[in-house]
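Enquirer: The primary structure of each chain is shown beneath.
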Amino acid sequence: MRGRPKFIFPEAKPVSSRFRYALNKYRVKIDNTCTNCGLCVEICPYRVYAKGSRRPRTPSEHLCVGPSCEKNAFFCVRKCPVNAITVQLNPSFEVLGDRRWTGDLLASTWYMAETGQVPYQNLNYKTGDSGGGFDKLRLLYRANGNGKKRKGSLKNVSLAISLNRSGDNRPKVTIPVPFYLGGMSFGSVSINAMLSRVRAATALGTFCSTGEGGYPDVLMPYDDHVITQVATGLFGVREDTIQRVRIVEFKYAQGAKPGLGGHLLGDKVTPAVAKMREAVTGSALFSPFPFHSVYSVEDHKKHVDWIKAVNPKALVSVKVSTPTDVDMVAVGSYFAGAHIIQLDGSYGGTGAAPDIAKKNIAMPVEYAVPKVHKFLEGEGIRDGITVIASGGVRNAYDAAKIIALGADGVCLGTTDLVALECIRCHHCESGRGCARGIATTDEELTNLMNLEWGTQRVINMYLAWSDQLRTILRRLGMKSITELTGRTDTLVHIDYMKKDEIQGELD
Amino acid sequence: MPPKYHTVTAPTPNRFQPVTRSGVIAWEEGCLKCARCVKKDCVYLVYQKRNLDPRQMLDSVDSACMDCFRCVQNCPARLIQKGVNPAYRSIGDSYWTPEILSSLWFQAETGKIPVSGAGYGGPFAGPGFDAMWTDMSEIVRPTRDGIHGREYISTSVDLGRKLMALEFGADGTLVSEAPPLVEIPTPFVFDLLPFSPPKEHILNGLLRAAAGLGTLTVVRESDWRPSYEEYLRSTMFLLDRGGAVAENYLDKLRMVEIPDGMDAMERQAALKRVRPELVIAIRMSLGPVSGSRVEELTEAGAEVVHLAANEFGMEEAKEPLFVKDRLKEIHLSLVDKGLRDQITIIAGGGIAMAEDMAKLIICGADAVSCDIPLLVAMECRVCRRCAQGISCPVELDQVDPVWARGRVTNLMSGWHNQLLEIMGAMGMREVRRLRGEMGRAMFFEDLEKEFSALGEGRRG
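Protein chains in written order, with this note's numbering: chain Z, 1 to 507; chain R, 1 to 460.
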């Protein structure tokens, strides 16, 4: 970044839920013995309560820390002079989420999107409950000899990564955060959701991919932060969309359905979507698998050369999934001249996909990244390509772990949707589309979300992530995220670690 | 697509309301009577369509609700809540989980494969079949587009003994005698049910489904009813009455099973003398010695072996292995000895989902046998009360065989399509070639080595 002005991060601004009440882990109830003395409103530092006419209201239950507040002097349940308050687990909360995205992870992501802060309310925002991979890996902060905690300003910790390490004469694109946002096409998500993500990426100085659904004109002001995708259906791909951007992404496969093509249901092909994709309204659209012009690494090089010829300044990213020979695919991509290889693991993805594919086909990204990293190192070409991991990265801790396993950065999709209040009901396709106005083209549902709200929610969440990443790096004694790549010695797997040999703190 | 490659399915509704994961709890007390109630805004029109099933006292709200939580979040008086349904948690067991049962019910009802958005939500890995992933192809190998019918992927398998080479006489005539083969269009057969209420109608439904799908159902001679005679070509008798029933029909049968024992090869020979075209499978419980026994039988001229694990996929042993792990060992050992291609292996027990079928084939089975999912297709909740003689909560003893055929056909058609997905992603055009392709799969125990070494090495 030498010679250029230092990137200034945007500021977090509070943006509350679009719905009347945010979803909450704990329920606060005031029964009718309440005398409306107002003490709870006064003493709760989390602002759970608000004044009411007959008794206080609880508009912000999601800010409550729950029964463990007991240890605090201001514990409302104890302080209430007439014992009118109870705090307990919200039974609805149990229904939320799944093993990968637990209710805690959802609620903490919502909180980060609302405030830009790291959650405090007894939510596990670091791991889910999947019983393996990220959820069993822990960062290890080794004691540094004198036992003192590492200090230093977080501001001096750099999160920037380079997207062009090839040494060719194309632009040296650097992003100030170790992530960009993955492709979700216009048609699969609403225009508001798409624009919110692109605008957030712009504010954060990074990129957002268009997915395979064309390049709506409304994205033009953000061209410098858009990655346009060339996928197997070539929907909406034109010479001018490739010439507009700084990064072009080939999507060979996607983690949600490795080895399978895409399918946009006829109902979602509205006139606007059809026009963008140059297709017929109401007709289901299939993206074939694979590229029928690519049956070898040589064909793949021809593909990359084609893009490079159309846009002499663009970087080329190759998005692949994680087969047994993902290392060979990565090497092939490097020699074909790709700047970025994106490994999309099998547990991620946002679009509709057969359950059998999501669960069984291709390997989780936690396995693929170290395999590729080591192989590229062995070939002596690791420094010539940027490795981006995606597919199941849910939070800042996952990001740090996968970087330590060998990636340079990560690519996110689902987390953005969760920031936009996706509840992961998995019913993106049913009825009129997403009931929460994210993955829909229904006009009324699309209008559930406005652009400023969406943009700021995504920005807030990533600001909270950035803070967490800087804190992690400082605790590891690192000044730059680039130092973390491949440092598997900063990780342990709790199923295999020998407790007595571990000196340091697990996080 | 030629009809040969396509199974006709039709929605076949549930008789009982399925048990759903969560319920809606809506209180009336304290209602503010808003001008526009949040229930009216339901995107799925759940509250408009609500009705009560008088037989089960279940509210349709719970099966129609898609868990979007909008009413929960928007009701000003917070009168609407969601709750996990305790009945859902209690169905099935740790192997036949509520998630598996729900997925099977959906497939049996609709004939469609389960599709959902927002990524995978399940555990990272697990025991048994959940400890492996299948491969896919990109860039360096092409995939096959089987599901949309643009490329044909064959799922046919041949059951029977195979010759390693053909011999010709000096005059060019074929000298070798080719043993009979039974070709089934999908690599599964229907097996004995480990439990069920009185099964006259159930078996009738299974035989009809097997007939439509071109496959076979294992039927004990003691369970045979003359009314099944129409389906003899889909019947694979297990000779538990010494062949007394089957001998009446030998000329119409394609295959029979005989229990393994000292006299297995003699019984095979005896049956062959009566009807040389009959293919004979030798059935045995899977166990640590199955490998050496299969080897002996192969060398002695057996055509097909059927290895049956228990309903949780475990073999019979003190420290039992899971069916896929034992199969790997048996397959590789037969390959080593140059015997593998002579014999057909059907294996089963614990096959719960379409992926289990693909995975067991990868681990060395030519075809799988499927049991409990057939009952689940008929709405079985795997409560196993029938095993104790208690009446079936979904009245399986009284199913209409035509309805049962529809449900089982839907489910197995869904499995076929999912097998195409898996094979298409791998770039395979033949399920015969999927057998034993362990290099095209990834195993937990191998991949996990990456993690067991963590925390060592460079000190920070």
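Hints should not be assumed to be uniformly reliable.
DSS-like cross-link-like pairs, simulated, lysine-lysine; straight-line CA separation at most 27 angstroms [claimed, not checked]: (1) Lys498/Z to Lys449/R; (2) Lys162/R to Lys359/Z; (3) Lys112/R to Lys499/Z; (4) Lys155/Z to Lys6/Z.
Keep in mind that the hints were calculated from the coordinates and are not lab data. Quick caveat, the model's predicted, so the values are computed rather than measured.
Enquirer: Hint by hint, note whether the structure agrees.
Expert: Structure-based check of each hint:
1. Lys498/Z to Lys449/R: Holds: Lys498/Z and Lys449/R sit about 15 angstroms apart, inside 27 angstroms.
2. Lys162/R to Lys359/Z: 35 angstroms, violated
3. Lys112/R to Lys499/Z: 48 angstroms, violated
4. Lys155/Z to Lys6/Z: 12 angstroms, holds
Going through the hint list in order, the structure does not satisfy hints 2, 3.
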